[in-house]
Every structure is written in C-alpha cells, then in structure tokens.
Amino acid sequence: AQSVAQPEDQVNVAEGNPLTVKCTYSVSGNPYLFWYVQYPNRGLQFLLKYITGDNLVKGSYGFEAEFNKSQTSFHLKKPSALVSDSALYFCAVRDIEKDSNYQLIWGAGTKLIIKP
Amino acid sequence: GAVVSQHPSWVICKSGTSVKIECRSLDFQATTMFWYRQFPKQSLMLMATSNEGSKATYEQGVEKDKFLINHASLTLSTLTVTSAHPEDSSFYICSARMVAGGPTDTQYFGPGTRLTVL
Numbered sequence: 001a002q003s004v005a006q007p008e009d010q011v012n013v014a015e016g017n018p019l020t021v022k023c024t025y026s027v028s029g030n031p032y033l034f035w036y037v038q039y040p041n042r043g044l045q046f047l048l049k050y051i052t053g054d055n056l057v058k059g060s061y062g063f064e065a066e067f068n069k070s071q072t073s074f075h076l077k078k079p080s081a082l083v084s085d086s087a088l089y090f091c092a093v094r095d096i097e098k099d100s101n102y103q104l105i106w107g108a109g110t111k112l113i114i115k116p
Numbered sequence: 001g002a003v004v005s006q007h008p009s010w011v012i013c014k015s016g017t018s019v020k021i022e023c024r025s026l027d028f029q030a031t032t033m034f035w036y037r038q039f040p041k042q043s044l045m046l047m048a049t050s051n052e053g054s055k056a057t058y059e060q061g062v063e064k065d066k067f068l069i070n071h072a073s074l075t076l077s078t079l080t081v082t083s084a085h086p087e088d089s090s091f092y093i094c095s096a097r098m099v100a101g102g103p104t105d106t107q108y109f110g111p112g113t114r115l116t117v118l
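Quick mapping for you: the protein sequence lines, in order, are chains A and B.
Heads up, the first sequence is in my numbering, so the first residue is 1 and it goes up one at a time.
Heads up, the second sequence is in my numbering, so the first residue is 1 and it goes up one at a time.
Hints may be right or wrong, so weigh each one.
Calculated lysine-lysine pairs in the DSS-like style (CA-CA distance at most 30 angstroms, straight line) [as the list claims (entries may be wrong)]:
id: 1; chain 1: A; residue 1: Lys49; chain 2: A; residue 2: Lys111
id: 2; chain 1: A; residue 1: Lys111; chain 2: B; residue 2: Lys55
id: 3; chain 1: B; residue 1: Lys14; chain 2: A; residue 2: Lys58
id: 4; chain 1: B; residue 1: Lys14; chain 2: B; residue 2: Lys66
id: 5; chain 1: A; residue 1: Lys77; chain 2: A; residue 2: Lys58
id: 6; chain 1: B; residue 1: Lys41; chain 2: A; residue 2: Lys77
id: 7; chain 1: A; residue 1: Lys22; chain 2: A; residue 2: Lys77
id: 8; chain 1: B; residue 1: Lys20; chain 2: A; residue 2: Lys22
id: 9; chain 1: A; residue 1: Lys77; chain 2: A; residue 2: Lys49
id: 10; chain 1: B; residue 1: Lys41; chain 2: B; residue 2: Lys14
id: 11; chain 1: B; residue 1: Lys14; chain 2: A; residue 2: Lys115
id: 12; chain 1: B; residue 1: Lys55; chain 2: B; residue 2: Lys20
id: 13; chain 1: A; residue 1: Lys22; chain 2: A; residue 2: Lys69
id: 14; chain 1: A; residue 1: Lys115; chain 2: A; residue 2: Lys49
id: 15; chain 1: B; residue 1: Lys64; chain 2: B; residue 2: Lys41
id: 16; chain 1: B; residue 1: Lys41; chain 2: B; residue 2: Lys66
id: 17; chain 1: A; residue 1: Lys22; chain 2: A; residue 2: Lys58
id: 18; chain 1: B; residue 1: Lys66; chain 2: A; residue 2: Lys49
Reference listing, derived: stretches of chain B covered by chain A, where coverage requires no fewer than 3 residues with Cβ under 8 angstroms from a Cβ of chain A [claimed, not checked]:
id: 19; region: 44 to 58
id: 20; region: 105 to 118
The following residues of chain A were derived to be distant from chain B, with all beta-carbon distances above 10 angstroms [unchecked claim]:
id: 21; residue: Val13
id: 22; residue: Asn41
id: 23; residue: Phe67
id: 24; residue: Gln103
id: 25; residue: Gly109
id: 26; residue: Lys115
What the hints contain is simulated information worked out from the structure, not anything from laboratory work.
If you're wondering where the values come from, they're calculated on a predicted model, not measured in any experiment.
C-beta atoms are modelled at their ideal positions from N, C-alpha and C, and glycine is treated no differently.
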C-alpha cells in the first residue's frame, strides 16, 4: 500500500543548529516527493519537490531535501535553524504509476520547534 | 506567482444553515482543485477532487450531498457545506493544480477557511 511516514511528531532544535525532519515513503512505482510547511491557522506553503535528477533538492527559505531511493527516504534539512522556521511540516508523495488524478499521499506532519 | 485564495478565511454559523467557501487561483488557471479537511493537530484529509467542467470525485466516506463542490471555471471552485452541524466544524483547505503543468506539477494551497458551527 502507498504510504508516507513521518516518524517524529515533534522535533526540537536550538537556533543556529542544523535541523532534519524525517520522511520515508512506500509506493510501488517511481515517486514524486514534496515538502510543505504550515504556519498556525494557515494553509500550506510549498517548499520543494523531487521529480528526477539530482538527489539533493534545494527549496525555499534555505531548506533542502535528499532523495535516497535505497532507503526510500526524503528527509528535509537546513544547515542553520531560525526561530521563524517553527511550524508544521508535511511530507507528501505521488505515485505516478498509480495515480491519474494528481492526488498526494500525506504524512502525518512533524511539528518543528526552534528554541532561541 | 501561483497564488490561491480562499474566502472567507473564517465563518461562524448556526446549525442547519449552509455555508459556501470559495477557492480561487489568482494568477494561473487550474484544471484540478482539491478540497481538504484538517482536524486539530492532524494531517490533511482529502475530501474530493474537482476538475473544471465535470463532477467532483469524492473520497470514500465523504457525503457528496452534504459537501457540494462546483468547479465552474478554471479559476474558481466552491465548496458548500449544506445543513451544517457542529461536527462539520473544521479547517477546510483547497489546493489547485496548474493547467498544463504536466505530471511534475505542484499543488498550490489556499490559506484555509475555519468553519465553526454553533
């Protein structure tokens, strides 16, 4: 079955330290992978996506993610965290071989807290 | 670019009334729009997928007669919650996929609508 796992409900990082938000996926075919961020009482903002090519994808606000096919992971990273990065982060995947309606499969979300 | 708006941003209504939520793609045309529902501290739950000019496809367990979706143009989709009840209170979010964006396209999200039914 297709699924996305974000194993951590919450990640706490001190400001200035590197951060990682984990995501693993399970699809039968090739995945398109996405990261979105949600601030309180707001919709989702697109951060980055992996389609093909370079496994390291750079996105908005200094975030990047690395696609690892063997580990079926797409972890979100940032070298130096800011307090303003505190938000809810969602990983999503689209199985291009199964889905014809462009639907996304969503992870449960990870709350990122950056402490000053 | 790729801005999606929702109106209203929040609404409070009495039980039994109907509420319409609009989702607009402001600077692009959207072949497909998605409606999600999000409960506190939970992930998004896809309610339905709507393609311009055709009937919406509802996910299992979502009542199509209760949640009416209309996608009359390439820039506007509406969700009407009919005869709303307190259990319909939630955060409703729409997203839009760009026309001719291709298989690698991205969903762009609206800011959400907070519905509270008294």
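Right, here's what the structure says about each hint:
Our distance criterion of 30 angstroms between C-alpha atoms is met by Lys49(A) and Lys111(A), whose separation comes to about 20 angstroms. Between Lys111(A) and Lys55(B), the direct Cα distance comes to roughly 36 angstroms. Violation of the 30 angstroms bound is thereby established for this hinted pair. Only pairs whose Cα atoms come within 30 angstroms are accepted, and Lys14(B) paired with Lys58(A) is rejected, the gap being roughly 46 angstroms. A threshold of 30 angstroms between alpha carbons decides the hint, and for Lys14(B) with Lys66(B) the separation of about 16 angstroms falls inside it, so the pair holds.
For the proposed pair Lys77(A) and Lys58(A), the alpha carbon gap of about 10 angstroms is at most 30 angstroms, so the pair holds. Among the hinted pairs, Lys41(B) with Lys77(A) is consistent with the structure: their alpha-carbon atoms are about 22 angstroms apart, no more than 30 angstroms. Taking the CA atoms of Lys22(A) and Lys77(A), the gap is about 9 angstroms. The hint holds against a cut of 30 angstroms. Proposed proximity of Lys20(B) and Lys22(A) is contradicted: the alpha carbons are some 37 angstroms apart, above 30 angstroms.
Simply put, Lys77(A) and Lys49(A) have alpha-carbon atoms about 13 angstroms apart, close enough for the 30 angstroms limit, and the pair holds. Between Lys41(B) and Lys14(B), the direct Cα distance comes to roughly 25 angstroms. Compliance with the 30 angstroms bound is thereby established for this hinted pair. Using a Cα cut-off of 30 angstroms, the hinted pair Lys14(B) and Lys115(A) is violated, with the two alpha carbons roughly 41 angstroms apart. Note on Lys55(B) and Lys20(B): the hinted pairing holds, with a Cα-Cα distance of about 17 angstroms set against a maximum of 30 angstroms.
Our distance criterion of 30 angstroms between C-alpha atoms is met by Lys22(A) and Lys69(A), whose separation comes to about 14 angstroms. Note on Lys115(A) and Lys49(A): the hinted pairing holds, with a Cα-Cα distance of about 27 angstroms set against a maximum of 30 angstroms. For the hint pairing Lys64(B) with Lys41(B), the CA-to-CA distance comes to about 25 angstroms; that is within 30 angstroms, so the pair holds. At most 30 angstroms may separate the alpha-carbon atoms for a hinted pair to count; Lys41(B) and Lys66(B) meet this at roughly 24 angstroms.
Distance check on the hinted pair: Lys22(A) and Lys58(A) sit about 16 angstroms apart at the alpha-carbon level, within 30 angstroms; holds. Between Lys66(B) and Lys49(A), the direct Cα distance comes to roughly 34 angstroms. Violation of the 30 angstroms bound is thereby established for this hinted pair. Against chain A, the region 44 to 58 of chain B contributes 4 residues with a C-beta closer than 8 angstroms to a partner C-beta. That satisfies the three-residue criterion, and the hint holds. Residues of the region 105 to 118 of chain B with a Cβ under 8 angstroms from some Cβ of chain A number 9, which satisfies the need for three, so the listed coverage holds.
With a closest Cβ-Cβ approach of about 20 angstroms to chain B, Val13(A) is found to remain outside the 10 angstroms limit, as its non-interface label requires. With a minimum CB-CB distance of about 7 angstroms to chain B, Asn41(A) fails to clear the 10 angstroms threshold, and the non-interface call is violated. The claim that Phe67(A) lies off the interface holds: its Cβ sits roughly 14 angstroms from the closest Cβ of chain B, which is beyond the 10 angstroms cut-off. A cut-off of 10 angstroms between C-beta atoms contradicts the statement that Gln103(A) is not in contact with chain B; the least separation is 6 angstroms.
With 10 angstroms as the threshold on Cβ separation, the claim that Gly109(A) sits away from chain B is violated: the shortest Cβ distance comes to roughly 5 angstroms. In this structure Lys115(A) is separated from chain B by more than 10 angstroms, as the shortest Cβ-Cβ distance comes to about 20 angstroms.
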